[in-house]
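Taking the hints as your guide, dock the two standalone chains into a single complex.
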Amino acid sequence: MSIDVDIVAERRNSGLDRVHVGNSSFPTIGSNEESKEVGLKVESVYRDEQSRWIVAVAENRDKKAFKRLFNYFAPRIKGFCQNNGSTSDRAEEVVQEAFVNIWRKANLFDPKKASAGAWIFAIARNSRIDLIRKENRPEADTTDPFFEQNEPESPLAVLETERKSKLLRDFVRDLPAEQQQVLKLAFFEEKPHSEVAEELGIPLGTVKSRIRLAFKRIRSEFGEI
Amino acid sequence: MKITHHLSEEFLLDYSSGALSEAWSIAVAAHLSKCSHCRALHAKLEEVGGSLLSDSTPEGLSDDIFENVLDRLDEAGAATGNGVRHNSEWASRYGIPAVVTDYLAADANKLPWKSLGLGVSQVVLETKDSSATARLLKIPAGKKVPHHSHKGRELTVIFSGGFTDETGSYGPGDIQEIHGSTEHQPWVREGEDCICLAVTEAPLKFSSVAVRLAQPLIGI
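Protein chains in written order, with the working numbering: chain A, 1 to 225; chain B, 1 to 220.
Please note that a few of the clues may not be correct.
[Claimed, not checked] Straight-line alpha carbon distances no greater than 30 Å define the calculated DSS-like cross-link-like pairs of lysine-lysine that follow: (1) Lys164(A) / Lys2(B); (2) Lys134(A) / Lys151(B); (3) Lys216(A) / Lys2(B); (4) Lys134(A) / Lys128(B); (5) Lys63(A) / Lys166(A); (6) Lys138(B) / Lys151(B); (7) Lys110(B) / Lys144(B); (8) Lys134(A) / Lys110(B); (9) Lys164(A) / Lys184(A); (10) Lys114(B) / Lys113(A); (11) Lys113(A) / Lys64(A); (12) Lys134(A) / Lys164(A).
Keep in mind that the hints were calculated from the coordinates and are not lab data.
So that you can see chain B by itself, here it is in the shape it has in the complex (with noise of 0.2 Å):
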């Protein structure tokens, strides 16, 4: 997989330290699942909180907090990696990763796709997270979405297709940053549906009053 697009610094170092909330992390962690490039990057940056957690002031605990622990210990198994995966057929169809898949149903049949209007589908990924949204994005081969711009950033993970908008062009793997008032239009190249993660802070403005009006029905 050759991976242009990668995450900013800056983003990385939020994902790292946990600043980050769980929907935008939802964004990071597939793109980590497919880029060894912000994955060491990643790696490096825990090393940087273990080495910070390692210098801090040591603070005198209860007395009583290792024996709590150790009461805790035989409900405590080993853990087996992070759970069964049920990457469905579908899923692995598109080669969606098990950090996405988590938060979907088993059944791909049960996905709850809701129609955006122009041919463009979504399944809302349900989260913890009040301050960001994370949708699975459908969008069929060479549709042109209209020209939109977003108040706040937006995280786009491409797993399946692809796009090219005026910051570049974008194939699996690839993570898209977009900033406050950039105002762009993706063009989804043709032969494939591009199957993307878009995590946004906020509603999206689109540009066309039209489209603004069904904005409310959109959902976005």
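One chain only, chain A, in its complex shape (with noise of 0.2 Å):
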């Protein structure tokens, strides 16, 4: 495996970084020889196409690419809250004020840090926070001078993130069900642990228990996190 690979990793003015991907050919991701080793095709750099949509709407402002993340995701985000017991009405206000954020966050968008699925429900997440409870969502900002900051991590995190990411979707398919059941009111309902136990009519400790066997999984199955 030795083609070339033409990413380029550029420090934006927003200081997140991004990764661009190009024809230029620009030495290889990494100083030490073996990460030249490792070959990529330029278009595999975001193999995932609905990271690649994401970015078309950030770089683009792409409408087609838009509406693709729309058919995909906007059916499945009213799906998502209507979990939550939210009325068709309510979910589509939901679904409009996500996708509007989208628009308008693409460009904050990592798939270094994210998959696009895990990036597009935080989006519907903070949206729903918003319109439902009226709250605001409070969240660690990476621009903050009083944010400490990760190791730079290497365009390669890309791939990691996105391998991942598919690895984990597979495995809470097939955490045990009483473990995904936890996860699933916890997201689905946006219920505390606490009410999960009065729901499910157990012990605050076996909700907590299930918690962390179902993390310890995640955990020893991804490596250090």
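Following this line, the structure appears as structure tokens:
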């Protein structure tokens, strides 16, 4: 494997790391010989087509890509919200708010840090908090001078994120039913773990240990996190 | 920054799923601003959210939804981070993250510090959350806070200085999670005032009668 790779990692004014794919033949990823051995085709850097759609929205304000994102995620966001007991109308309001935010924030999407699905989940979650609960959603901001930065990631992190995200999806599907149930109540119904215990009629300690078991498996499966 | 006290997995799950209300979320986000360890788990939990979203049953949408979204795009420019930051010199001195200073007046001289007695002062953060209260606390160096317990949970994130109590020793970036009837007596380290964010869901219960009588005045 020795195909040259054209990836330029560029630090933008926003302070966010972004990966650019071009036809110029910049030297490779990283500085050691080993990383030069890693072969990638340019078009495969964003292998995940959903990530490519978000990047197309960010960089080219591409409405076709935006429509594709909408066709895939909008019905799922609606279904996701209706799990929470939202009416069809309310769920559609959340969908609209989420997609306006996807358009606005596409330039903040960083495929090294999150898969397309996780990023859109976070936008939909925040839109739901904003519209239904009418609360702010406090979040750590990477551009904050008092944000303690991670070590800079290699451009290859984008592949690692995609790979782990796909594995994680299968992994969540295969979790034991009782662990999956606790996660679903948390994410679909936005139930704090204390209410999950009430709803299932089981002790709080049992809910905590199910959460910890699920996380332990996620940890061991996906390395130190 | 050496962080030794992290957030419990249950609390982090509540934050990542969106279940946690605003006041608690400020404390979680303040800790995440400082702690790459908890951030990594949070990122994984958002991946779990993403996979549950991707696997959820699609529901048909009304015909005009996409058109409505397109109509709103012209007014929606591109986002530039989370907005302009106004970290005052004061907040900078204590390393207070933006997710907290966003709730404070830009001019540190105008911060509505209120004395709680015993040398402790607070600024209550204005949130839309009626179930819990977030407050910035300033406790003088070397001060022993009276023994107290909590009706419910308490989250405390330290920005500057530190304290020790029955549960351990806490410094900048650490988060302390206290549950139910835990009684504790924080003792602030010598040499530096302790600046921290404390979130509680119910009035504190002080053990001493004298302090309990003073509590309505103290206001926490």
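Hint-by-hint comparison with the structure:
no.	hint	in the structure
1	Lys164(A) / Lys2(B)	28 Å, holds
2	Lys134(A) / Lys151(B)	26 Å, holds
3	Lys216(A) / Lys2(B)	23 Å, holds
4	Lys134(A) / Lys128(B)	8 Å, holds
5	Lys63(A) / Lys166(A)	26 Å, holds
6	Lys138(B) / Lys151(B)	22 Å, holds
7	Lys110(B) / Lys144(B)	28 Å, holds
8	Lys134(A) / Lys110(B)	27 Å, holds
9	Lys164(A) / Lys184(A)	20 Å, holds
10	Lys114(B) / Lys113(A)	41 Å, violated
11	Lys113(A) / Lys64(A)	25 Å, holds
12	Lys134(A) / Lys164(A)	34 Å, violated
Violated hints, in rising order: 10, 12; the structure is consistent with all others.
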